Amino acid sequence: MNRVRCLVLNAALGPLDYRVPDGMDIGPGSVVECPLGPRTVIGIVWEAERLPGTDVPVEKLRNLRGVLPVPPLSAPLRRLIEWAADYYVASLASVARMALSSGGALKGPATMTEYRLTGGLPERMTPQRHAAIEALEGEQANIRELSGIAGVSEGVLRGLVNQGVLEPVEVDCDRPYDAARPDFAEIALNAEQREASDIFAAAVRKAEFAPFLLDGVTGSGKTETYFEPIAEALRMGWQVLVLLPEIALTENFLHRFEERFGAAPVLWHSSLKSTERRRAYRAVSEGTGQVVVGARSALFLPFAKLGLIVVDEAHETSFKQEDGVRYNARDVAVMRGHFEKVPVVLASATPALESLQMAESGIYRKIDLPSRFGGAELPAIDTIDLTQEKPPHGMWLAQRLVDGIEDRLERGEQSLLFLNRRGYAPLTLCRNCGFRYQCPNCSAWLVEHRFTRRLACHHCGHEAPAPQACTECGEPDCLVACGPGVERIADEVAERLPQARVFVATSDTLNSPGRAAEFIAAVEACEVDVIVGTQLVTKGFHFPDLTLVGVVDADLGLEGGDLRAGERTYQQVAQVAGRAGRGSKPGEVLIQTRHPEAPVIAALAAGDRDAFYSAETEMRREAGAPPFGRWAAITVSSEDDAEAREAANRLGAFRPQVEDCLILGPAPAPMALLRGRYRYRFLINARRSVQLQDEIRRWLAQVDHPPGVRVAVDIDPYSFV
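To convert, note that position 302 of the sequence shown is 302 in this note's numbering; the numbers rise steadily by one, no gaps.
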């Protein structure tokens with residue numbers, strides 16, 4: 001092979017051909033260094049017949065500059081990249097970049113210097129040095145990481161190095177992970193769990209594509225059930241991928257995994273340091289990383305010998321990426337299983353309607369776990385009609401819910417209050433002039449956070465100090481917080497039940513696996529009486545002494561233009577209800593609502609999931625909505641409103657006239673200004689018979705836009721802001 005076609009990681013460039021120098025050994029999937037003008041860029045060797053390109057005489061081609069010391073991307077992974085780019089109307093380069101997600105890992109083996117205590121003492125002991133020595137007992141890391149552990153400056157630690165108190169240690173960046181042992185511990189499974197795990201394990205042994213929907217009620221032991229096929233994959237020398245929707249769930253999962261397999265899995269998520277990402281990437285690509293537990297991006301890791309994929313809490317909307325390549329990890333996981341020829345288990349207590357429909361049509365095999373493990377009973381559910389049982393003035397919790405919390409306090413049990421709204425209040429205004437504090441970059445109100453004394457935008461991250469006086473009229477002490485967030489609910493609990501120990505659990509307070517571990521330990525040690533949390537606490541946690549769940553505002557998720565609002569509300573409330581009564585003590589759920597007659601609320605109160613899903617299915621069928629039809633969104637944006645509007649109108653003039661395809665817009669997006677960009681949107685509803693992606697590609701190819709205009713395509717959108 002004296003020439004190759006390369007996919008370079010630049011979406012603006014098409015495939016490029018290069019000459020292979022004598023002695024360079026490469027093949028499809030090899031990661032190579034390509035000359036591009038005066039620069040060197042990364043490329044992936046691809047099958048020429050699968051990528052259109054321009055045939056240039058070989059004598060005019062430039063030589064490749066080198067092959068990077070990583071295993072080639074496998075053929076199944078290359079097929080997945082092609083599929084994802086085609087289905088989500090994205091560039092091949094932007095998808096391929098996700099498979100090369102650690103630049104450090106591409107540079108080959110390396111070592112680094114870490115430090116540890118020698119047992120000696122400094123000539124002069126200071127309070128900071130004393131604190132550092134105590135904190136670093138048994139620790140080994142680089143200076144920056146040790147500084148974070150000890151809570152002292154790097155200068156203090158460098159002084160200890162000079163004094164011989166800390167000694168350098170040369171370590172291999174790619175040191176192997178501890179081996180997971182499939183037979184380390186036995187888990188007692190009930191008959192339903194054993195039957196399900198045997199089915200999954202048999203599928204692992206067959207080494208064939210087999211998609212499963214594991215539909216088990218909350219507390220039924222789904223995790224323990226899919227641990228058995230993981231053990232079977234390990235016995236056969238294969239790798240396993242487990243996807244979790246939230247980093248905060250990782251620590252809880254790690255504890256259970258280590259108890260079962262005697263070692264921690266390989267982690268992959270956005271909070272990893274670059275050295276940790278490098279180590280994980282190389283272990284996965286070389287086949288020594290046995291079980292990877294990660295966020296959605298782990299789907300594109302270059303596994304050497306993948307044998308099983310598990311998607312836990314598969315209904316979660318956080319599996320949908322909302323920027324860059326807008327893919328749904330649940331669906332991509334199934335496609336990776338298809339290309340790798342391995343089984344895929346989608347586990348959930350409240351499956352997505354699309355997954356249930358795939359099971360109904362026979363594409364997925366549905367496995368049920370209809371009862372809780374160990375004889376625990378599902379909680380009793382009741383509604384509180386806020387139009388009849390009104391909370392006291394200025395309060396948000398009905399008296400019956402407060403009485404329930406007080407009763408649990410007296411019995412030494414725990415309660416959970418759920419409100420899917422971070423911060424103290426969603427809106428701050430001036431009672432003197434009516435001024436409302438809005439984000440300068442987005443069409444959104446700033447949310448007051450009293451813990452940090454800041455006003456924050458939850459869309460772009462903009463923050464400002466909470467003002468002492470109105471910035472519009474100058475009136476002091478006139479700002480009013482409107483509506484409740486979790487911080488306000490926590491304050492109300494503290495005011496009405498001062499003896500209660502309250503913990504606010506949100507992505508602000510549980511923003512790392514370490515903090516999540518501290519939270520879990522505090523609850524398990526009964527150091528917390530009342531948890532006030534957002535959707536972060538609706539899944540994955542098992543607290544045996546938690547016997548009361550209160551849903552503060554069940555109607556919140558039904559507001560706005562979300563086409564999946566009913567399904568999402570049902571899933572969130574059902575999941576958080578499932579936190580109650582998971583041990584030997586019975587659980588109770590109280591749902592505060594102003595619309596107890598709403599179908600989703602009535603179904604929750606009656607515990608009739610099948611009736612809700614049946615009604616939702618018929619509504620979707622009549623509307624031609626997924627899974628019976630197709631949705632897509634096209635967003636045109638610019639930092640200049642007039643430019644964005646003009647570009648959207650120009651694109652609208654070329655809209656295709658296709659039977660069974662309705663194109664709405666352009667219209668200002670509900671979030672018309674987001675991160676400083678003005679946005680106009682098209683919504684497309686098509687029958688499944690329409691080749692939607694092909695039509696969109698042909699449509700967009702007809703119009704050129706100014707450099708400041710961006711066009712984003714979202715197939716199967718979940719967010720409609």
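If you're looking for bench data, these hints aren't it; they were derived computationally from the structure. In this text the structure is predicted, and so the values were computed from the model without any measurement. Keep in mind that the hints are not guaranteed to be accurate.
Think about it this way: if two alpha-carbon atoms lie no more than 16 Å apart in a straight line, the pair counts; the simulated EDC-like pairs of lysine to aspartate or glutamate are [said to hold, decoys possible]: (1) Lys107 with Glu195; (2) Lys366 with Glu354; (3) Lys585 with Asp640.
Using C-beta positions, here's what the derived DEER-type ranges look like [said to hold, decoys possible]: (4) Arg621 with Gly708: 40 to 46 Å; (5) Asp608 with Gly108: 57 to 63 Å; (6) Glu139 with Cys482: 45 to 51 Å; (7) Leu36 with Val703: 23 to 29 Å; (8) Glu463 with Asp403: 50 to 56 Å; (9) Ser318 with Ala667: 54 to 60 Å; (10) Arg621 with Glu463: 28 to 34 Å; (11) Glu47 with Arg181: 16 to 22 Å; (12) Asp178 with Asn649: 57 to 63 Å.
Note that the Cβ used here is the ideal one computed from N, Cα and C, for glycine as well.
Here's how the hints hold up against the structure:
no., hint, in the structure
1, Lys107 with Glu195, "violated, 46 Å"
2, Lys366 with Glu354, "holds, 13 Å"
3, Lys585 with Asp640, "violated, 59 Å"
4, Arg621 with Gly708: 40 to 46 Å, "holds, 42 Å"
5, Asp608 with Gly108: 57 to 63 Å, "holds, 58 Å"
6, Glu139 with Cys482: 45 to 51 Å, "holds, 47 Å"
7, Leu36 with Val703: 23 to 29 Å, "holds, 28 Å"
8, Glu463 with Asp403: 50 to 56 Å, "violated, 38 Å"
9, Ser318 with Ala667: 54 to 60 Å, "violated, 27 Å"
10, Arg621 with Glu463: 28 to 34 Å, "violated, 45 Å"
11, Glu47 with Arg181: 16 to 22 Å, "violated, 39 Å"
12, Asp178 with Asn649: 57 to 63 Å, "holds, 59 Å"
Comparing the model with each numbered hint stated earlier shows that hints 1, 3, 8, 9, 10 and 11 do not hold.
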